[in-house]
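K.L.:
Sequence:
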Amino acid sequence: MDPSTWKRRIAGLSAQLLGNSSSQQAVHVNEEVQAALQCGQAVVALESTIVTHGMPYPQNLETAREVEAVVRQAGAVPATVAVLQGVPCVGLTSSQLEELASKGSRVRKTSRRDLPFVTSQRLDGSTTVSATMLLAARAGIHVFVTGGIGGVHRGAETSMDISADLVDLGRTPMAVVCAGAKSILDIPRTLEYLETQGVCVAAYQSDEFPAFFTPSSGCQAPCRVEDPQQAAGLVASSLQLGLNSGVLIGVPIPSEHAAAEDLKILTPCHLGVLHILDEGRTGRIEMAALHNFTSLARSSAGQARGPHTMLLDSHVEFQAWCMQQLWRDVLSLPTGIDDFVAWMVSLLEQSDQAHKQDSARPSRPRTPNVPASKLDARPSSAQPEGPADEVQADPSSSRPASAASSGPRATGETQPEVPQDCGSEPLQPKHEWRLDCFRVDTIMAMHGLLQLEVLQGVPAHSFYELLQDASEEQGLAPLQDDVMDQLIPRRVILDFLRDLAGGMKSVLAYLVPPEE
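The opening residue of the sequence shown carries number 1 in the working numbering; numbering runs sequentially from there.
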């Protein structure tokens with residue numbers, strides 16, 4: 001076969017694969033958005049992941065409509081981006097937005113890498129920052145507003161956990177206006193990576209790049225723009241030069257609405273439990289909702305990394321049950337700190353008990369025996385549930401639980417209440433603390449419960465090591481060298497959980513205005 005014939009066949013195959021259409025025609029553009037683009041009116045792209053995975057229905061729908069209203073009040077046309085039944089859509093009608101919001105987390109979270117699968121399977125997809133940038137640019141939109149971008153996670157030099165947002169910023173001619181990178185990320189390395197990708201980064205009326213929750217991150221912004229005209233000029237120059245890369249403009253939250261000083265002292269776990277929104281025009285931020293923990297049930301098995309994360313099947317199922325429990329009964333902070341601590345300890349005890357059952361039945365890991373009543377209500381008192389004698393036994397010992405529990409915590413003894421002041425609890429001698437501790441499998445289950453999208457930069461083994469360091473600081477070092485037999489004292493867990501809940505209370509006090 002001569003070369004010209006091959007060329008014709010390849011051209012024909014290419015035409016079939018591309019549908020004999022341009023990339024712009026492969027995206028369905030809403031009539032209002034299309035008309036605005038044709039007449040040169042300003043159009044602002046919006047992501048849809050926050051609608052489906054950020055808040056429960058109908059709060060997510062109300063917020064999405066409020067954000068679109070803010071865009072309209074500024075004289076622009078909003079273009080929320082999503083994939084509906086396999087069709088990439090730029091601009092949603094009111095009914096489409098309501099349908100997307102009502103489905104919530106059942107809609108597939110769709111990044112750039114997921115687009116081929118979601119479209120080929122004709123699924124619904126809520127677009128992340130990277131996918132929104134791509135589809136909006138295909139439609140001819142050059143401005144995209146979002147709360148915050150992803151970035152380089154802490155420990156990325158070993159985990160390689162770098163958000164696709166940064167890569168797409170380097171290859172998409174799009175101006176992304178946001179409140180900066182999430183403060184849980186490694187912001188200095190994020191800025192370095194953006195430089196590598198050729199992304200022009202600027203801060204609005206600030207010398208520092210913002211950190212989403214706070215106006216400043218301590219990192220110098222490469223550029224500074226003082227007003228909308230300078231920002232627009234920056235974007236226009238980038239497009240005129242044909243750089244085919246994006247412009248990132250960080251707009252700090254107004255200081256009167258930012259919990260700057262308190263947030264700086266909070267741990268990643270404190271920040272991870274909260275999901276906040278920038279309301280747009282006023283810049284005021286508020287607590288939107290606790291993160292939808294149920295989404296973690298599908299990925300809890302994939303979180304296991306390294307020798308510290310060997311979770312049995314029953315632990316995965318146990319975590320899934322915990323996620324459902326969390327979402328069914330959202331914690332009533334800031335008044336529910338004691339309930340939160342007691343409830344989490346109860347889950348940890350059940351996890352330890354599940355591991356004990358699995359160890360005794362090596363043929364097939366089984367699901368923890370969770371009473372049906374527990375699916376409806378969280379323990380309301382400070383009295384942790386679960387069999388105290390079996391939980392507190394030495395998991396590495398070959399003796400039966402009753403023998404291992406002899407001494408001050410004998411079999412059948414009632415489990416003491418969670419102390420109101422963990423700091424007043426006396427230290428246990430090294431040779432006794434093993435009777436009141438949690439094994440590493442349970443610690444990994446707790447990490448799974450607290451592992452949110454913004455916390456993915458804290459690997460499970462690092463999480464465990466932090467708790468282990470706290471044990472050693474109190475003179476409670478482990479007695480076993482085997483990783484899976486290492487234990488964490490109960491007191492350390494109580495201190496951690498109380499500090500976590502206290503941090504959530506502190507953040508809520510700043511972000512949620514008091515009711516009038």
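These aren't lab readings, by the way, just hints derived from the structure by calculation. A hint or two may mislead.
[Unchecked claim] Label-pair ranges, simulated between beta-carbon atoms:
no., residue 1, residue 2, range
1, A232, E66, 20 to 26 Å
2, Q85, D499, 43 to 49 Å
3, T93, R113, 24 to 30 Å
4, V87, G198, 30 to 36 Å
5, R122, E62, 27 to 33 Å
6, K103, E157, 37 to 43 Å
7, E226, Y57, 38 to 44 Å
8, A76, A26, 21 to 27 Å
9, R224, Q197, 36 to 42 Å
10, G86, D207, 42 to 48 Å
11, T196, P116, 24 to 30 Å
12, V167, D207, 22 to 28 Å
13, S120, Y57, 23 to 29 Å
14, A26, P188, 37 to 43 Å
[Stated by the list, open to error] When the alpha-carbon atoms are kept at most 20 Å apart in a straight line, the in silico EDC-like pairs for lysine to aspartate or glutamate are as follows:
no., residue 1, residue 2
15, K103, E62
16, K109, E99
17, K109, D161
18, K103, E66
19, K109, D124
20, K103, D114
21, K103, D124
22, K109, E98
The C-beta atom is built at its ideal place from N, Cα and C for all residues, glycine as well.
K.L.:
So if I understand the rule, the pair passes when the alpha-carbon distance is 20 Å or less; does K103 with E66 pass?
P.N.:
holds, 19 Å
K.L.:
Kindly confirm whether 23 to 29 Å is satisfied by the beta carbon distance between S120 and Y57.
P.N.:
holds, 28 Å
K.L.:
Do the beta carbons of T93 and R113 sit within 24 to 30 Å of each other?
P.N.:
With Cβ atoms ~28 Å apart, the hint holds.
K.L.:
Just to be careful, I want the Cα atoms of K103 and E62 compared with a cutoff of 20 Å; is the pair within it?
P.N.:
Roughly 14 Å between the alpha carbons, so the hint for K103 and E62 holds.
K.L.:
Is it true that the C-beta distance of Q85 to D499 lies inside 43 to 49 Å, as the hint says?
P.N.:
For D499 against Q85, whose Cβ atoms are near 46 Å apart, the range 43 to 49 Å holds.
K.L.:
42 to 48 Å was suggested as the range; check whether the CB atoms of G86 and D207 agree with it.
P.N.:
At 45 Å between Cβs, range holds.
K.L.:
Quick check on a hinted range of 37 to 43 Å for A26 and P188, using CB atoms only.
P.N.:
holds, 38 Å
K.L.:
Given the proposed pairing of K109 with E99, does the C-alpha separation stay at or below 20 Å?
P.N.:
It holds: about 15 Å lies between the C-alpha atoms, which stays within 20 Å.
K.L.:
Range hint 27 to 33 Å: satisfied by the CB atoms of R122 and E62?
P.N.:
holds, 29 Å
K.L.:
Is K109 within 20 Å of D124, Cα to Cα?
P.N.:
Cα-Cα ~9 Å, so holds.
K.L.:
Assuming the hint says 20 to 26 Å, is it satisfied by the Cβ distance from A232 to E66 or not?
P.N.:
holds, 25 Å
K.L.:
Mind checking the alpha carbons of K103 and D114 for me, to see if they're no more than 20 Å apart?
P.N.:
holds, 19 Å
Figure legend: structure checked against the earlier numbered hints; the only hint not met is number 9.
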